[in-house]
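Visitor: Please build the complex by placing chains R and P on the supplied structure of chain Z, with the hints as guidance.
Taken in order, these protein sequences are the chains called Z, R and P. Going by full-length UniProt numbering, the residue at position 83 of the first sequence is 83; the numbering climbs one at a time, nothing skipped. Going by full-length UniProt numbering, the residue at position 107 of the second sequence is 107; the numbering climbs one at a time, nothing skipped. Going by full-length UniProt numbering, the residue at position 229 of the third sequence is 229; the numbering climbs one at a time, nothing skipped.
Because the hints were derived from the structure by calculation, they are not lab data.
With a cut-off of at most 30 Å between alpha-carbon atoms, the simulated DSBU-like pairs for lysine-lysine come out as follows: (1) R/K8 x Z/K120; (2) P/K232 x R/K326; (3) Z/K115 x R/K8; (4) Z/K218 x Z/K20; (5) Z/K78 x R/K8; (6) Z/K70 x Z/K218; (7) Z/K25 x Z/K221; (8) Z/K70 x Z/K221.
Quantities reported herein were computed from a predicted structural model and do not represent experimental measurements.
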Amino acid sequence: MNLTETATLAADNITLAHRKFTVAKNLSVTLPPGKVTAIVGPNGCGKSTLLNGLARIHAPDTGTVLLDGKDIHVLPSKEVARKLALLPQDNTAPEGLTVADLVRFGRQPHQGWMKQWSRKDQQAFDHAVTAADVIELQDRALDTLSGGQRQRAWIAMAVAQETPLLLLDEPTSALDLGHQIEVFELIRQLAAQGKTVAMVVHDLASACRYADHMVAMKAGKVIMEGPPGEIVSPELVHTLYGVHCDLLEDPATGSPLLVNMRRERSDHARCQ
Amino acid sequence: MLLALTDKRTGLANGFLLLALVAASLSSMSLGTISVAPLDVLGSLLGKADPMTDFVVKELRGSRILAGLLSGAALAVAGCLMQTLARNRLATPGIIGIDNAATAFAVASVVGIGLSLAPSAMALAGAAAATSLAFGLAGANGTRGYRFIVAGIGIGAIAGAATQVMLSRVAIDAANAAYPWTVGSLNARSGHSVVILSIGLVLAAILLAIINRGLNTLQFSDAVAIALGTRLRAIRILGLGLSVLLTGLAVSVCGPVGLVALLAPELARTLCRPGKVPLLASGLAGATFMVLADLLGRTLFSPLEIPVGIITAIVGSPYLLWILLKPSNRSLT
Amino acid sequence: MVPNRAVASRASFPSRLLTTWLVAGFLLSLVVMASLLYGAGPVSPGDAFAALLGNGPDNAHFVVSELRGPRTMIGLVTGLALGLAGALLQSMTRNPLAEPGLLGVSAGSGFAVALAILFGASNATLTTFVAQLGALAGCALVIAATRVQGLGNDPVRLILAGATLSGLLLALTSMLMLMDQRAADEIRFWITGSIAGKPLTLLSSTLPAIAVGLLIIAMVARPLAAMALGEKAAVGLGHHPGRIRFLITLSVALLVGSATALAGPLIFVGLVVPFIARAFAGPDIRKTLWLCLPIGPAVVLGADVLSRLIAAPSELPLGVVTALIGAPVLLAIVRAGRMPSL
Chain Z
1 MNLTETATLA ADNITLAHRK FTVAKNLSVT LPPGKVTAIV GPNGCGKSTL LNGLARIHAP
61 DTGTVLLDGK DIHVLPSKEV ARKLALLPQD NTAPEGLTVA DLVRFGRQPH QGWMKQWSRK
121 DQQAFDHAVT AADVIELQDR ALDTLSGGQR QRAWIAMAVA QETPLLLLDE PTSALDLGHQ
181 IEVFELIRQL AAQGKTVAMV VHDLASACRY ADHMVAMKAG KVIMEGPPGE IVSPELVHTL
241 YGVHCDLLED PATGSPLLVN MRRERSDHAR CQ
Chain R
1 MLLALTDKRT GLANGFLLLA LVAASLSSMS LGTISVAPLD VLGSLLGKAD PMTDFVVKEL
61 RGSRILAGLL SGAALAVAGC LMQTLARNRL ATPGIIGIDN AATAFAVASV VGIGLSLAPS
121 AMALAGAAAA TSLAFGLAGA NGTRGYRFIV AGIGIGAIAG AATQVMLSRV AIDAANAAYP
181 WTVGSLNARS GHSVVILSIG LVLAAILLAI INRGLNTLQF SDAVAIALGT RLRAIRILGL
241 GLSVLLTGLA VSVCGPVGLV ALLAPELART LCRPGKVPLL ASGLAGATFM VLADLLGRTL
301 FSPLEIPVGI ITAIVGSPYL LWILLKPSNR SLT
Chain P
1 MVPNRAVASR ASFPSRLLTT WLVAGFLLSL VVMASLLYGA GPVSPGDAFA ALLGNGPDNA
61 HFVVSELRGP RTMIGLVTGL ALGLAGALLQ SMTRNPLAEP GLLGVSAGSG FAVALAILFG
121 ASNATLTTFV AQLGALAGCA LVIAATRVQG LGNDPVRLIL AGATLSGLLL ALTSMLMLMD
181 QRAADEIRFW ITGSIAGKPL TLLSSTLPAI AVGLLIIAMV ARPLAAMALG EKAAVGLGHH
241 PGRIRFLITL SVALLVGSAT ALAGPLIFVG LVVPFIARAF AGPDIRKTLW LCLPIGPAVV
301 LGADVLSRLI AAPSELPLGV VTALIGAPVL LAIVRAGRMP SL
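Same shape as in the complex, but just chain Z:
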């Protein structure tokens, strides 16, 4: 299914704070439409806060988040939810909730209190469970699933929202390698269908491999932005994480590969 609808999301000079502690100051970020954007950076750099800011979970102290050019906090919440879906990091669900129940929740933004489950809702539901490959899991309770299956179920819920924008906060944290790849490939598929995706990614290597666009953050500031192949360099890695490394090109995909990571500039040099 190709989405005909598109939407743009941008942060315009926003400052985000937890209580009095400013996490990110004067950030401006625009998500390139139809692309997968990865937000990367060291722990505590404000990447999740930025994502939550973009998703209107975290209201900015100054500046505005613009959805299709309008202030996201002024738009009705339901209208926003029809354009923007979020997969948060903390996704606990009530005990015994089944996958189908969860995915059905994704249709809420399209329902009114007089408007019950419609044919269109059912179509979206079917599409979502197919896309996220959870058809066989539909009647299983979430708490009986493996981490990867559960994450796919949550993504299915976000897909059922049928939004042009999808934001994900560390979608693969706590997943093993196989499940990580499963989830990232699903995200690529969704982007191929025309969704604009933004995700916080912990692992720089995965970000290089699966993102079209990268936003590198440190200490609450965006220090570099662009396609991974263009912006990732040993210098950037050192600025972000304080480690040294060498770069190779992945022979299969052409994306940058980090190798020989170490704390010192060169073990060899130090020995001499």
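Guide: Quick look at chains R and P alone, frame taken from chain Z:
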């Protein structure tokens, strides 16, 4: 098709609870110091019985059962709401001190201290005061987390002490009039309070039907609820307001029968399908609990009458203890 | 979290602690004076003072020596017992909210007394013994509850369980009272938190138990301080946690049972007293216990004096005043950022 399937279990549960409620109410009408045969009860309800039976069934028992039914339903729905808002099975109005505060204010009204407002209004004011105090003390965490609960325990203790102060300061007759409130009893109800309670329940039912879908999303984290388009703040304020309203009005009828607010939603959740907030089932279960507890209190040691609050405490506390002491419990806070 | 110095520090009496102790002792003597001089009745403080010196009107003499004197003594002992019991229980469960009243120990004691009275017991010694048995049962339940996986380090769940247990026992007690009108009056006399009108013979019947409780504290104070470092560390230092736990439980039961026999269930005293003591003594349980000695009686007697004055010419129940003082302290503990741990 899918939806019908979803709601089958919940529908069954509600049907079962409704049946239980009807059965409990009918037995409560027939049993007591004067027994009335079940057929005569039905006859009286259909308007075909002698005046004596009519009097016992309708005047003596019927109005009492109606009061119990309404207050039980109100307490249970209030409990279910607050549990949902706080995402904590233990956060019921009774545990966080709202019942006690409402009682203290209602007692103040009965013994003639303070404003000369009706008990309903005073109980409501007490419930609201306790809730805002609990929120103020819990700080930015709102209903989340332990502070809210411990603050409530403290507020409940203060309100309980205040009630005792008032009772010890007034003439014995006034104190006796107010006593039932302090333990929870259906003996002290005034017809007026029952009418106000039923109006409150109808209002709450309408509003809850409107925000029902949003409430369901509160079972997830805030972020998920917002992402699904729920207006979190509005729903929270409205839900909390309704919970306070229902608790206050119920307390003005039956006193602090707090554990109903914990037990009924618990039963409703067990019976209904997970994923929805079982408000209707909670209300039905709460009404049934209250009617049954009152029936037990009236008949167990007849002619001695045990207040319904004592019965629910004796029956409900062991269950609450079991929840609290169960080794692993992921749904607690 | 307990700093190492808690155990490393010498058990001797540091001068700062001595100063605090003396100040607290001085305050206590003031409260004792107030307790003898002020009352809800018509005897003026001046007459009472004269009576203390051996002159003054007869009625003042009677009130001071026969009413306020015993009442003050009972208040002193009750406060001592409850303060120490609270400090012990909190230290052992490592939970700053573990208070015998909140956890249902006092209610257990009260329920046992109500049962005994219903079955015809009426002499003071028997009542004291029954109250102690009830407290022991309550304590055993609390300890068992803290041993449940995960509950030990969840202060809120523990006190909620305690509040529930208290509620259950109170409901059962009210039911007993409904059963028998004659017994109800007597039960009410025992289970209303108050130190007024209690006979001095009651004091003599509880003193042996309190003495044993104090002796146990003297024996286990050091190993208990070591247990603050964790059970494994305590074993490493050559102590036996199981034995210590048993002794402490026994001591708390004796103290709370005696206090309940004397004054009825008083909640929050065991919370407020150690809270104040810890604020001055720091994390070492031994110093805290020392400070509880003067602070406990001062708090109970102070509350009692307030209970006579707030609503004069009538009196409030003491339990109401301790609740009104204690609940804000509970709120303050909770308000103080994250839950403090012991």
